[in-house]
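Undergrad: Starting from the given sequences, assemble the full structure and let the hints guide the process.
Protein chains: 2
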Amino acid sequence: MLTVDTTQVKKSIALPYEEAMIPRLKIAHEWLQSGTGAGNDFVGWVNLPRDYDREELSRIHAAAARIRSDSKALVVIGIGGSYLGARGVIECLHSANYNLRRKDTPNIYFIGNSLSSEALHETMELIGDDDFSVNVISKSGTTTEPAVAFRFFRELLEKKYGREGAARRIYATTDKARGALKSMADAEGYETFCVPDDVGGRYSVLTAVGLLPIAVSGVDIDALLAGAGEMMEKCRKADLENPTWQYAAARTQLYKNGKKIELLAAYEPRFRFMAEWWKQLYGESEGKEGKGLFPASADFTADLHSLGQYIQQGERHLFETVVRFAPSEHQCLVPKSDTDGDGLNFLAGRSLDFLNEQAMDATLLAHVEGGVPNIVIRLAENGARAIGATVYFFEYACGLCGYMLSVNPFDQPGVEAYKKNMFALLGKPGYEDMRAELLAKLGR
Amino acid sequence: MLTVDTTQVKKSIALPYEEAMIPRLKIAHEWLQSGTGAGNDFVGWVNLPRDYDREELSRIHAAAARIRSDSKALVVIGIGGSYLGARGVIECLHSANYNLRRKDTPNIYFIGNSLSSEALHETMELIGDDDFSVNVISKSGTTTEPAVAFRFFRELLEKKYGREGAARRIYATTDKARGALKSMADAEGYETFCVPDDVGGRYSVLTAVGLLPIAVSGVDIDALLAGAGEMMEKCRKADLENPTWQYAAARTQLYKNGKKIELLAAYEPRFRFMAEWWKQLYGESEGKEGKGLFPASADFTADLHSLGQYIQQGERHLFETVVRFAPSEHQCLVPKSDTDGDGLNFLAGRSLDFLNEQAMDATLLAHVEGGVPNIVIRLAENGARAIGATVYFFEYACGLCGYMLSVNPFDQPGVEAYKKNMFALLGKPGYEDMRAELLAKLGR
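These protein sequences, in sequence, are chains A and B. Just so it is clear: in the first sequence, position 120 is 120 by this note's numbering, and no numbers are missing. Just so it is clear: in the second sequence, position 282 is 282 by this note's numbering, and no numbers are missing.
No wet-lab data here; the hints were simulated from the structure. These numbers come from a predicted model, not from an experiment. Cβ atoms here follow ideal geometry from the backbone N, Cα and C, with glycine treated the same way.
Listed below are the simulated DSSO-like cross-link pairs for lysine-lysine, each with C-alpha atoms no more than 27 Å apart in a straight line:
1. A:K10 / B:K291
2. B:K256 / A:K259
3. A:K256 / A:K291
4. B:K72 / A:K72
5. B:K419 / A:K336
6. B:K259 / A:K256
7. B:K160 / A:K103
8. A:K10 / B:K260
9. B:K441 / A:K11
10. B:K103 / A:K103
11. A:K260 / B:K11
12. A:K428 / B:K336
13. B:K260 / A:K11
14. A:K291 / B:K291
15. B:K420 / A:K10
16. A:K291 / B:K260
If you want the ones that stay clear, here's a sample from chain A, every Cβ over 12 Å from chain B, calculated:
17. A65
18. K160
19. A226
20. E230
TA: As structure tokens, this is what we get:
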């Protein structure tokens, strides 16, 4: 379903790094499987495809069906892990133009992931008079961006449908028992879904956090979970046949060898937001204690005409991980031209997929020759099952890599700094001293 | 109109780096102004806002008006510099949801920037039975991605409107005299616009390359050029009042001090593709001879919950350049809640813009404290004029930086490697030996 090809990495590393790394892989693997490593309160995702609450899943299906039947738009309010996974999977399995397409599923708007007035105002304008529902996703309910956005859309819903009518159109994905959003949901009577205690935001796409919006878009979430489950089984293997071991060994070795940037690339524009999801997963899991590969992404072949020059000849501090999709179901055959003005008749009758495959091989060789090792991740098929497997693959490899880097892959202590500063500058009661200090630093 | 604030860079660098850099800034500036540096065949963009062909500009206005009147969709075929600038400006001045909005201008689809069957097929499906026109943008007309896409859309147009009817709907932006696309345009009778000989792709957004699609979307391209012209005048100054000197000095010094990644961030989601344009501009201009800052981008506050952890505590090899927009015309005031379940009533009545400003200051202080210097670029207004100025600002600073790095900022020798490999693998006549060699490397 998914294979890892590290041939072009092995060529650039003289030593048999995989074998050398087996002892550390074993430990990291054992920590994940048994939940005995750092951050072990947050390894619920490891067995999630097997253990996921079936009652919750059937409520997700029912809620998605209800939203599809009574709404022309779904507003998904969330930030970070409560945003990127769902958007990534929806765009990858439909396209970035999902909302533009003719379809019998609702438009989906992601909001509460910035503080932009433009974005908020535009979303309200795009919804217009359409019937809509809201899925607000927040473990605590007090993260500023989604909480503020929820105030706007709750007000809009209540004006349109009354308080009770609004309550029937609000779906809260939050803590199972505690927190501001859970209390509000219980008081108002919103249907709630659970952000499990043992699954951190960036590992939560295969819970209600991601599954409800994904299901609303018409993606087969059972297939998504099944694919993840198959990959989960593959990942049980404690040896180098485990594809996550191959990926983790290669990127860990490349980092040890001085590479500082991992550039995730695909040759499908619809992968763009899966790469954003991946950036959070890896950046937040590894980027601590002054360590970690910087996660960047590219959209090929477009960016071969952009970052391509840098990749080929710039600083030699990066490597690429390339995701290759299976052939498309659409056979687009290059038309023959009677004049052959562009000299491309030698391609006439060839499929665009064939061209894309040659571009991948051509680029692989060019970049490796230029000093940029390439890891290739190949999907054997393209649908929900394969993307579910891909999600789990990256999650499991990320856990392995964090442990091999000797960090806790499941915390994010650095995210608090800007939040605290923001509360102080916004004048939150209790932050008065800090506020004075910050204003002084800003020279005010 | 645009100011650069390097206060938080100066705090992290003990020496008065700006003064120390004046001699090199002067030389680089002189090379750009007089066209006497490396790559001086390609500095036509320096005086473009003043010298731009007025007859061509009025033809652009006329063509845009015609497309708006006879087409519901415009297909823009181009890659790299023939793609990113137009998309960046259109999204920045409308939004990424431009096509989704109710409007009296055509939808705009960018294609020919990948080899994805999915993307091609989808664009055809989205156009459906709508009347459409094509703007094909290619200096040579033989770059594979756009040339292949043009074959598909030309065939579609000819089926729909006949060969002559199609010819009236095809606008070719290409070399003024030579090349495959120019010859085809002359033979078929397409209206043509010019890619000037002395303006490279990544500096071409303020020529017909960018201006035609931008005008079709309803952006005031005269204001765009006027803003660029005002910035051009500011950039004539050979001293540190020139904002590009400030930016160039700061990022050059940070690179000398060991920073390897420049992260361009904005707090407006609609800036996303301007950042993509910027990545090509800087990556392709500087990334050569084993040198250059790696250009990356982030979308805040969203990515504070994603890359934020890495920025705060990961490897200390990056700095940020933050573009701050002027306040929005939409005053979104945080609603008061009767229950205050989320505890945010202390923000009730505050505008979202106010919150966003506090987030910017909060993040600035947090990241600087974490060891990530920040350059702030502040726009005094938000419309076409300001974006025109921003485009010119980044272009001019890029020229300066390239020269200070001792590279030719106007060539891109590394982009050829994958193209040649691709021709060989695709079986282009004349590449037989190379093909055999590459297949061997691929183990086939």
